[in-house]
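If you read the sequences in order, they're chains A and L. Note that UniProt numbering gives residue 429 to position 429 of the first sequence, counting from 1, and the numbers run on in steps of one. Note that UniProt numbering gives residue 151 to position 151 of the second sequence, counting from 1, and the numbers run on in steps of one.
Treat the hints with caution; some may be incorrect.
Stated by the list, open to error - Restraint-style ranges between C-beta atoms, simulated for each label pair:
hint, chain 1, residue 1, chain 2, residue 2, range
1, L, 409, A, 340, 34 to 40 Å
2, A, 28, L, 233, 49 to 55 Å
3, A, 183, L, 409, 27 to 33 Å
4, A, 265, L, 434, 39 to 45 Å
5, L, 63, A, 142, 51 to 57 Å
6, A, 265, L, 52, 37 to 43 Å
7, L, 494, A, 123, 38 to 44 Å
No lab work stands behind these hints, which were simulated from the structure alone. Ideal placement from N, C-alpha and C gives every residue a C-beta, glycine not left out.
Protein chains: 2
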Amino acid sequence: MAGLQRAFLRRSITQSPFSIHQMRGLTLDALNPNFHNVSYAVRGELAIKAEALRDELKDPSNKLPFDKVISSNIGNPQQQGLDQKPITFTRQVAALMEYPELAKLAPNAFPPDVLARAAELLKEIGSIGAYSHSQGVPFIRRNVAKFIEARDGFPSDPQNIFLTGGASAGVSLLINMLISSPSDGILIPIPQYPLYTASLAQHAGRAIPYQLDENHDWSTSPESVQAAVEKALAEGIKPKALVIINPGNPTGALLDEPTMRKLVQLCEENNIVLLADEVYQNNLHSRQEHPFTSFKKVVSTLQSPVPLVSFHSISKGVSGECGRRGGYFELANFRPEIVAMLYKMASVGLCPPLSGQIGVDSMVRPPKLGDASYEQWKSETDSIHAALASRTKLMAERLNKLTGVSCVNSPGAMYLFPKISLSKKARDAAEAAGKVPDAFYSLALLDKTGICVVPGSGFGQKEGEWHYRVTCLCPGVEEYVGKLESFHVEWVEKYGAE
Amino acid sequence: MAGLQRAFLRRSITQSPFSIHQMRGLTLDALNPNFHNVSYAVRGELAIKAEALRDELKDPSNKLPFDKVISSNIGNPQQQGLDQKPITFTRQVAALMEYPELAKLAPNAFPPDVLARAAELLKEIGSIGAYSHSQGVPFIRRNVAKFIEARDGFPSDPQNIFLTGGASAGVSLLINMLISSPSDGILIPIPQYPLYTASLAQHAGRAIPYQLDENHDWSTSPESVQAAVEKALAEGIKPKALVIINPGNPTGALLDEPTMRKLVQLCEENNIVLLADEVYQNNLHSRQEHPFTSFKKVVSTLQSPVPLVSFHSISKGVSGECGRRGGYFELANFRPEIVAMLYKMASVGLCPPLSGQIGVDSMVRPPKLGDASYEQWKSETDSIHAALASRTKLMAERLNKLTGVSCVNSPGAMYLFPKISLSKKARDAAEAAGKVPDAFYSLALLDKTGICVVPGSGFGQKEGEWHYRVTCLCPGVEEYVGKLESFHVEWVEKYGAE
Numbered sequence: 001m002a003g004l005q006r007a008f009l010r011r012s013i014t015q016s017p018f019s020i021h022q023m024r025g026l027t028l029d030a031l032n033p034n035f036h037n038v039s040y041a042v043r044g045e046l047a048i049k050a051e052a053l054r055d056e057l058k059d060p061s062n063k064l065p066f067d068k069v070i071s072s073n074i075g076n077p078q079q080q081g082l083d084q085k086p087i088t089f090t091r092q093v094a095a096l097m098e099y100p101e102l103a104k105l106a107p108n109a110f111p112p113d114v115l116a117r118a119a120e121l122l123k124e125i126g127s128i129g130a131y132s133h134s135q136g137v138p139f140i141r142r143n144v145a146k147f148i149e150a151r152d153g154f155p156s157d158p159q160n161i162f163l164t165g166g167a168s169a170g171v172s173l174l175i176n177m178l179i180s181s182p183s184d185g186i187l188i189p190i191p192q193y194p195l196y197t198a199s200l201a202q203h204a205g206r207a208i209p210y211q212l213d214e215n216h217d218w219s220t221s222p223e224s225v226q227a228a229v230e231k232a233l234a235e236g237i238k239p240k241a242l243v244i245i246n247p248g249n250p251t252g253a254l255l256d257e258p259t260m261r262k263l264v265q266l267c268e269e270n271n272i273v274l275l276a277d278e279v280y281q282n283n284l285h286s287r288q289e290h291p292f293t294s295f296k297k298v299v300s301t302l303q304s305p306v307p308l309v310s311f312h313s314i315s316k317g318v319s320g321e322c323g324r325r326g327g328y329f330e331l332a333n334f335r336p337e338i339v340a341m342l343y344k345m346a347s348v349g350l351c352p353p354l355s356g357q358i359g360v361d362s363m364v365r366p367p368k369l370g371d372a373s374y375e376q377w378k379s380e381t382d383s384i385h386a387a388l389a390s391r392t393k394l395m396a397e398r399l400n401k402l403t404g405v406s407c408v409n410s411p412g413a414m415y416l417f418p419k420i421s422l423s424k425k426a427r428d429a430a431e432a433a434g435k436v437p438d439a440f441y442s443l444a445l446l447d448k449t450g451i452c453v454v455p456g457s458g459f460g461q462k463e464g465e466w467h468y469r470v471t472c473l474c475p476g477v478e479e480y481v482g483k484l485e486s487f488h489v490e491w492v493e494k495y496g497a498e
Numbered sequence: 001m002a003g004l005q006r007a008f009l010r011r012s013i014t015q016s017p018f019s020i021h022q023m024r025g026l027t028l029d030a031l032n033p034n035f036h037n038v039s040y041a042v043r044g045e046l047a048i049k050a051e052a053l054r055d056e057l058k059d060p061s062n063k064l065p066f067d068k069v070i071s072s073n074i075g076n077p078q079q080q081g082l083d084q085k086p087i088t089f090t091r092q093v094a095a096l097m098e099y100p101e102l103a104k105l106a107p108n109a110f111p112p113d114v115l116a117r118a119a120e121l122l123k124e125i126g127s128i129g130a131y132s133h134s135q136g137v138p139f140i141r142r143n144v145a146k147f148i149e150a151r152d153g154f155p156s157d158p159q160n161i162f163l164t165g166g167a168s169a170g171v172s173l174l175i176n177m178l179i180s181s182p183s184d185g186i187l188i189p190i191p192q193y194p195l196y197t198a199s200l201a202q203h204a205g206r207a208i209p210y211q212l213d214e215n216h217d218w219s220t221s222p223e224s225v226q227a228a229v230e231k232a233l234a235e236g237i238k239p240k241a242l243v244i245i246n247p248g249n250p251t252g253a254l255l256d257e258p259t260m261r262k263l264v265q266l267c268e269e270n271n272i273v274l275l276a277d278e279v280y281q282n283n284l285h286s287r288q289e290h291p292f293t294s295f296k297k298v299v300s301t302l303q304s305p306v307p308l309v310s311f312h313s314i315s316k317g318v319s320g321e322c323g324r325r326g327g328y329f330e331l332a333n334f335r336p337e338i339v340a341m342l343y344k345m346a347s348v349g350l351c352p353p354l355s356g357q358i359g360v361d362s363m364v365r366p367p368k369l370g371d372a373s374y375e376q377w378k379s380e381t382d383s384i385h386a387a388l389a390s391r392t393k394l395m396a397e398r399l400n401k402l403t404g405v406s407c408v409n410s411p412g413a414m415y416l417f418p419k420i421s422l423s424k425k426a427r428d429a430a431e432a433a434g435k436v437p438d439a440f441y442s443l444a445l446l447d448k449t450g451i452c453v454v455p456g457s458g459f460g461q462k463e464g465e466w467h468y469r470v471t472c473l474c475p476g477v478e479e480y481v482g483k484l485e486s487f488h489v490e491w492v493e494k495y496g497a498e
């Protein structure tokens, strides 16, 4: 800390009492009122407390009843403690892009297909330290288009593809664009991923909730969506778009094609945009029984004019590359002047991170049968798929056996969203503590076991029902589910089941 | 394109005439009106045309009068054609973070200090494929705080530091937060970097311009800022913040400490936030004569209560790592509840790209004298500094010799902003073409030479004056400046000088 003027003792405002001067300064009420309305439970109170506990554990004299904090609040497969290994192919390509001299310095450290792939990308992109086209590297967008065409059997145009810093950045931009007045709203599922309500709050739009049906495996009912449209219109709220998360988050549910067709027709009849969050399209636990169909395919098959935005990400699937911040959205049935406007908005942020862009390229162009990297890639991805499927199944089975817990076994994504019944005694205790009942349950779980989940109230749920969302990423699933069980048994002993 | 249903011929809307259905679809007037008001000249008409010309060059039968397009519109040092080499140390660390096995597979490809640095980062961060803390990895924020303390000699608190995906992401967030009503405004220099007007337009705030003084080396006059404050207040616009870009963009000007103190006092008296864009703090062409002083240091020295946000980036300086998207902002004199609100907003976007975060770490912790990488790092960074300084000087000298051109020689950043006088004949021709005069000049320059600059009208300038911004990054400066000269000479022959 050379040159630090230690005599200067006024400390940061976050650490010290305010001076009189500071009290005159900037206050919350001078700031954008929309910001006050934003909430994001996935990284909310529970997550902040989990961080504090993790710090506390570092003190050898701590008296905590657990030896590690498990962040099951967020689908972050590669985080410390979960340690899902990255796909070797993806990382080898990335390392060569960071330091191309390695191809000469250490050629034997890389399989030939990786060396060839990196050389090809280097030729197309140049340095990954340069800004790219604001929509993303044209070559990578062409590869994304080919991936979509192979997946759906319909054309895809690279000009309609925007690479993004994760799906979230794209969702936020689209919501910001679609909300043109405070009486505009967007239909969102309940339960939902709170990015949607957070973005709507930030951009002063209204959330128009429609309820998913827990009694039918969290299915989406076009009739209930239509009812939500009509209720909104009656209240003077104009629905501009319909958000569908498929596979669902937090539910893991998968839509069937007949339902998807009805939803597209509903958008057509009501003249609304379809926002298809398909980031979990590669997290399928029983691919034969429950395959994934994209909305792009359904819209194309129907030759529907519905404006569709479909989002994908490298953070989920088997890639799990959350930290790279990579993803894309594809526009269909958007006028060129709107595509141009989105390009203009993207250009203000200059470009998505190149590290994320090359991650997208590796996701849409994995090694093929016969390539030197294929066997390793196949083995790594098969293991990730199998582990997620078996953990999800085991956790759902075991949670379902607990008194007062019911859990839909999810065919996709990486979460379970068990329903928990909370007794009058528990609800009273929550009220006394100033907490929503399922947050009170989740905080107690964290305090007792070190497991951090997200209360259902962070995603939305029917009045008088309580849930939590838990990821199915933890490697030592027996120990993990054992902790969830023993906590719940103690809870029921303390508060009763009903 | 296996499985592509070629019979399905309805093509993307960007390529085909609209069907009747599509004509009913989403139209521009249904979208957020703020988006219409956004403009971003750095990647505007000129840049789009430059891309088209670059594509045209690939056709061997093209008749263009140049053989390459030079993108001097954007400070993007590592782009193809400029090829400023990345700092080896930064890239070696990044490659090891991407693929940590390289430390075992190819230890001889890396100096020992790089191996040690990567091992330390890996221990602190874990996988760079995991989401980090939403404010950025705590360890890296601590390193940023130490860098700031060493630079300024005053304390810095990692809790007040937010790592971001480039400085732009932070600027946009802060502007979004500060604008709480459509009558709120932010003071911006003229000429300015158009990120500011673009973000203000997006978030429905008012730009309150204050004029920089070209006749005094683009200096900032506190009196003219105060006059702008009073004019705004008289018009019912409330100034919430003052933007200072130091070193200047597009001007390259550097503030002296007495002026900075006056500006801080001005913020204090008017109760406004100071937004200090200091991304060019390491681009100084004559460090002895024109040193950089941070606003954090001035605010700390004065013990001022002014809320200050200072922005920094890895895209500029000698790092030039634009594609990583890395940067940070530091808050000073912000209440903890506002810091908490910013954390909440950052958490909705999950986290800044890890690739950018480790880039920030390398920027704030370069090799030290005695480290194995030091000599190479020193040699690489010295060359970049020297090349930029000499090109800037040479370009300013040569441009100043042209009839009707005057150019302030800039002591910082990476641009020049020459003033060009445009004759009545030229202005009439521009009007006939439907172009602003300096855009007309810049388009002609691009058509003739392949050099893409940004017209002064994209940054703001006094009525009746015309400029353009040009980067000083092109390696073959003699050939490059020769093209600018011969184009201008022909222009004057055609249109006259006055």
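Consistency of the hints with the structure:
1. L:409 <-> A:340: 34 to 40 Å: Check passed, 38 Å falls within 34 to 40 Å.
2. A:28 <-> L:233: 49 to 55 Å: violated (23 Å)
3. A:183 <-> L:409: 27 to 33 Å: violated (54 Å)
4. A:265 <-> L:434: 39 to 45 Å: Given range 39 to 45 Å: holds, Cβ gap about 44 Å.
5. L:63 <-> A:142: 51 to 57 Å: Taking Cβ atoms as reference, residue 63 of chain L and residue 142 of chain A lie about 27 Å apart, which means the hint is violated.
6. A:265 <-> L:52: 37 to 43 Å: holds (39 Å)
7. L:494 <-> A:123: 38 to 44 Å: holds (40 Å)
Violated hints, listed in ascending order, are 2, 3, 5; each of the other numbered hints is respected by the structure.
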